Amino acid sequence: MVYVKWTFLAVIAALVFSFLHYTLPQHDIVRITNTEVRRIDFGDNSIFWSGSAPGTAGGVANRDVHFIETFRPNDKPMVYRNEDTGWGWPPYFKVNTSNLQAMARDLISTKENPQWVVVTHYGWRNEYLSIYPNAVAVRPAEGPDEFIIPWFNIAVLFSLAVFAAWVWTLFARFKENRIEPLIDDPDSRAGAVLRRLFGGGGR
Amino acid sequence: MIALLRFLLMGFVVLTVVYVSVSLYSRAMRRQKLRRHWDEKIGTGDRDAFVRKGLALYDRSLRRRLILGVYIIPMIVVGTIVYIVNYT
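Residue numbers (our numbering), protein chains in the order written: chain H, 1 to 203; chain Z, 1 to 88.
The hints are simulated quantities; they were obtained by calculation from the structure and are not laboratory data. As the structure is a prediction and not an experimental result, all values here were calculated from the model. Built from N, CA and C at the ideal position, the CB exists for glycine as well. Honestly, I wouldn't trust all of these hints.
From chain H, some residues computed to sit far from chain Z (all C-beta separations above 12 Å) [what the hints assert, rightly or not]:
hint : residue
1    : Lys5
2    : Ala10
3    : Leu20
4    : His21
5    : Gln26
6    : Asp28
7    : Arg39
8    : Gly43
9    : Asn62
10   : Asp75
11   : Asp106
12   : Trp116
13   : Trp124
14   : Leu157
15   : Glu180
16   : Leu194
Some chain Z residues judged to face chain H by a derived CB distance under 8 Å, without partners named [to be verified]:
hint : residue
17   : Met1
18   : Ala3
19   : Leu4
20   : Phe7
21   : Val78
22   : Ile81
23   : Val82
24   : Val85
25   : Asn86
Excised from the complex, chain H in its bound form (with noise of 0.2 Å):
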């Protein structure tokens, strides 16, 4: 039972992180070698994908998408796909790609005469998948190894334990104030059900 316990929960801990490492900006620093568009055919990762731009028709089976070719400062590869989220998930409310790719253009760079870039981006890259993140803002850089404070993510990662720190202390108040004397009751029958669930009268 203890291995089901912390099976589960570890779980529940994996999905948690994996969503907010999927939803919340990250920022690489690289250079832009090429910008384009491609006609992408949505599959089995179509959940990887965003909706149509505002406007554009919506559920089609396929739909030309700008992209982002890059070099990191350790000379590996990283592309970005260039979507708007519109007015869906996740919440960036981007509508402006065709001005991010314009920008993006506007900062393509040589080897040689590197300009790099603070690409600010959400997703993940997956090759087995074929996804890609969705850059989201692109600025130059101050050079290849400036450090960016995530001040973004702080707020919302220290906003989002207060929330769950709060649900905590309601669900173990209710938990003690309700549950807990239903269970010493011998004559309650939600607590004969509850007792038989946790094994016994004993906490």
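Given the structure of chain H, go ahead and fit chain Z onto it with the hints provided.
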């Protein structure tokens, strides 16, 4: 356009549920407080009339109107995100 309407409609429904819940909770809290105040401090006269008068005052209070922040704060947050993501 449909996506924006759907977003606004869903936001409105969710926030209305939150607004109604917070309103009911806040009014019940105030009622409880008034009753306790009457029991502990006053103790004479019409208890129900005291509570009713207190709730009427609460209905006109700033504190009650502040619950409208349930709608206003998310709108400000969304507006700020739209501005930062698309215009800076």
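Against the structure, the hints:
For lysine 5(H), the condition that its CB be more than 12 Å from all CB atoms of chain Z holds, with the nearest at approximately 32 Å. At the 12 Å boundary, the C-beta of alanine 10(H) stays outside the reach of chain Z, the nearest C-beta of that chain being 31 Å off. Look at leucine 20(H): its CB is around 17 Å from the nearest CB on chain Z, clear of 12 Å, so calling it non-interface holds up. For histidine 21(H), the condition that its CB be more than 12 Å from all CB atoms of chain Z holds, with the nearest at approximately 20 Å.
No beta-carbon of chain Z comes within 12 Å of the beta-carbon of glutamine 26(H); the shortest separation is about 15 Å. Listed as outside the interface, aspartate 28(H) is consistent with that label: its C-beta sits roughly 17 Å from the nearest C-beta of chain Z, beyond the 12 Å cut-off. Arginine 39(H), annotated as away from the interface, keeps every beta carbon of chain Z farther than 12 Å; the closest lies near 22 Å. Against the 12 Å criterion, glycine 43(H) stays outside the reach of chain Z, whose nearest CB is about 23 Å from its own CB.
With a least CB separation of 19 Å from chain Z, asparagine 62(H) remains clear of the 12 Å interface cut-off, as annotated. Once the 12 Å rule is applied to beta carbons, aspartate 75(H) is consistent with being away from chain Z; the minimum gap is 30 Å. Taking the minimum C-beta to C-beta distance to chain Z, about 16 Å, the non-interface status of aspartate 106(H) holds against the 12 Å cut. Look at tryptophan 116(H): its CB is around 20 Å from the nearest CB on chain Z, clear of 12 Å, so calling it non-interface holds up.
Every CB of chain Z is more than 12 Å from the CB of tryptophan 124(H) (nearest about 20 Å), matching its label as outside the interface. Separation of leucine 157(H) from chain Z is adequate, the least Cβ-Cβ distance of about 17 Å exceeding the 12 Å criterion. Remark: the non-interface label on glutamate 180(H) is consistent with the geometry, its nearest Cβ contact in chain Z lying 24 Å away (cut-off 12 Å). Annotated as non-interface, leucine 194(H) keeps its C-beta farther than 12 Å from every C-beta of chain Z; the closest such distance is 27 Å.
This hint holds: methionine 1(Z) has a C-beta 7 Å from the nearest C-beta of chain H, less than the 8 Å allowed. Of the supplied interface hints, the one on alanine 3(Z) holds, with its beta-carbon coming within about 5 Å of a beta-carbon of chain H, less than 8 Å. For leucine 4(Z), the suggested interface contact is upheld, since its CB lies about 5 Å from the closest CB of chain H, less than 8 Å. Given hint, phenylalanine 7(Z) at the interface with chain H, holds; its Cβ is 4 Å from that chain's nearest Cβ, closer than 8 Å.
Interface restraint check for valine 78(Z): the shortest CB-CB distance to chain H comes to about 7 Å, inside 8 Å, so the restraint holds. Look at isoleucine 81(Z): its Cβ gets to within about 5 Å of chain H, closer than 8 Å, so that hint holds up. The interface hint given for valine 82(Z) is met, as the beta carbon of that residue sits about 5 Å from the closest beta carbon of chain H, less than 8 Å. Satisfaction of the interface hint for valine 85(Z) is found here, the shortest Cβ-Cβ separation to chain H being roughly 5 Å, below the 8 Å cut-off.
Evaluation of the asparagine 86(Z) hint against chain H yields a held restraint, the C-beta minimum of about 4 Å falling below 8 Å.
Going through the hint list in order, the structure satisfies each hint without exception.
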